[in-house]
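Could you slot chain B onto chain A? The hints should help.
Each chain is listed here by its residues.
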Amino acid sequence: MLIDVHAHFYHDRTPRADWRERNASRLRAGERMGVTIHVASVLGTWGRTSPVYFPSPPDLQYGNDALLALERAHPDRIRGYVTVNPNFTAHALGEIDRCRAAGMIGIKLAASRRANDPLLDPICELARERGLPVLHHVWQHRRRDWPGQEASDAPELCALAERHPDVRFILAHIGGGGDWQHSLAALRGGTPNVLLDLSGSGADGGMLEGCVEAVGVERLLWGSDLTMDTGWAKLRYLAHLLRGPELEQVSWKNAARIFPRGAFPSD
Amino acid sequence: MRVDVNALLGAYPWRRVPGSSPEALRAAMDRTGIDEAWVSHLPSFFWRAPEEGNAWLYEATGRDRRLKPIPAVHPGRKGWEETIGEAADRGAPAVRCDPTYYGLDPAGAEMRVLAAACAAARLPLVLAVRLEDGRQRHPNDTAPELPAAAVRALIRTDDDVRIIVTHADRGLIEEVHFGSTPEEAARLWWDISWIWGPPEDHLETLLATVGVEQLVFGTGQPLRIPEISLAKLDLLDLTPQQRAAIEVGNARAALAF
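Going down the list, the sequences are from chains A and B. Okay, so the first sequence: first residue is 1 according to this note's numbering, each after it adds one. Okay, so the second sequence: first residue is 268 according to this note's numbering, each after it adds one.
Here chain A stands alone, though its shape is the one from the complex (with noise of 0.2 Å):
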């Protein structure tokens, strides 16, 4: 059993002519790599009719539709994230429970506003009465602003979710770029219910077992997010670091513990 808790899919109304056959490919490469669930989200229009990290909600309901699409198309294969924009409260609620009722498990937060925004707090306090985790996009230490996304690091993450300690965080790609010995500082010794996820290009010497020491293996999700060749990698690296025990809780386990029961197989 294997979980990828980071995945993305295309559709036709994104700027990439190729997106069938980066959809295929990833669906293809979790075959190979034995993925049992790819656990995705798709932002919008990926920047075709608004800003991939700042899309517009009829941009999101499109994308959202298309993950849903997907999902009926590949239902042993593919769950989704329903992809909100906080700027837009009232339809960010509504997108939520829509997709939800359509078999969506979580909620993905790009970066269209600070991880500390108060605009945060009716989203996340609507993941604790449905029991969805969010998983939250994060640029690993934010020295300076970056074009074409309000990024947010660990510590804003931490922050809102001190404020709602019954929702489960997911602090995305640890490997996505950017200082992730910053986001580990800032999780070592708190917020228990931030989860990090292994996800991203990067695979540093000493990156994983900083990830172990920082938070444990119960707060190691993995997942690959746009390199699953990276991603398998950290997973072959994990099976010579971890105790097979370990290692199920990092590869499948601990998603099950914090998706809503009967998301997964398993459940």
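If you are wondering where the hints come from, they were derived from the structure by calculation, not from laboratory data. Computed from a predicted model, the values in this text were never measured in an experiment. Please note: incorrect hints may appear among the correct ones.
[Unchecked claim] A few chain B residues facing chain A, derived, Cβ under 8 Å:
1. G286
2. P289
3. E290
4. E348
5. E349
6. R397
7. W463
8. P466
9. D468
10. I492
11. L502
Don't be surprised by glycine CBs; every beta carbon is placed ideally from N, CA and C.
Chain B alone, transformed into the frame defined by chain A:
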């Protein structure tokens, strides 16, 4: 047989990196089935006199036949020609130069003279585009990444120069490959350590466009875990011949002047 053309030994100044000793490298090679590693001395990337790390490198690699030294050459320093001569005498498979770390113009006169000297000595020149993801570098780690224009300029300096470029991504590889004549491109080899696999499939694309014969197995360990490069290959549908070419044959071909 699997040869890692891109391994490093020694401490990294910008963060603690486990596994930087020869013993740890050997353990990682055993873990990942790497039979031979071409090894560079990591601390001397940052030294004014990078060639001063070569003695340690020769000693460290001399104790293990699986480790091959890639000594550093700084063409702006007195006696650099002797460094190349020593590398040839000691059987080093190649020499390396990292101009942006040394504060040299990567396409300047010193580098062009170095490239020609490597060709004359029948030694490939190893160049790293980067060591780390630019987004995570230490605030004081400001050396620019190696530009594609420099690789294009250097491959044109001499008809016999051979260059192995490590840590290059798809964009840089394509820019250099298709910005070179077929004859020039045939003297360039690219390690796969920084090329994305699925679902973007950059490596699969390059196999079809640049060609399997120009790709070599490299990891960048211990700054990155070596499992990455193995996973990339395991996610491809390669014939045994193609896989062997990437893992060992192409590296050997780069040495066959």
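Hint by hint, here is what the structure shows:
Checking G286 (chain B) against chain A by beta carbon gives a least distance of about 5 Å; that is within 8 Å, so the hint holds. Taking 8 Å as the C-beta contact cut-off toward chain A, the hint placing P289 (chain B) at the interface is violated, the least distance being around 15 Å. Restraint check, E290 (chain B) versus chain A: the minimum CB separation of about 15 Å is more than 8 Å; hint violated. A distance limit of 8 Å between C-beta atoms decides the matter here; for E348 (chain B) the minimum to chain A is near 35 Å, and the interface restraint is violated.
Given the 8 Å rule on beta carbons, the hint for E349 (chain B) is violated: about 33 Å separates it from the nearest Cβ of chain A. For R397 (chain B), the interface hint is violated, since its Cβ never comes within 8 Å of a Cβ in chain A; the closest pair sits about 12 Å apart. A distance limit of 8 Å between C-beta atoms decides the matter here; for W463 (chain B) the minimum to chain A is near 5 Å, and the interface restraint holds. Taking 8 Å as the C-beta cut-off, the interface hint given for P466 (chain B) holds, the closest approach to chain A being about 4 Å.
Checking D468 (chain B) against chain A by beta carbon gives a least distance of about 5 Å; that is within 8 Å, so the hint holds. For I492 (chain B), the suggested interface contact is upheld, since its CB lies about 5 Å from the closest CB of chain A, less than 8 Å. The beta carbon of L502 (chain B) comes within 5 Å of a beta carbon in chain A, closer than 8 Å, and the hint placing it at the interface holds.
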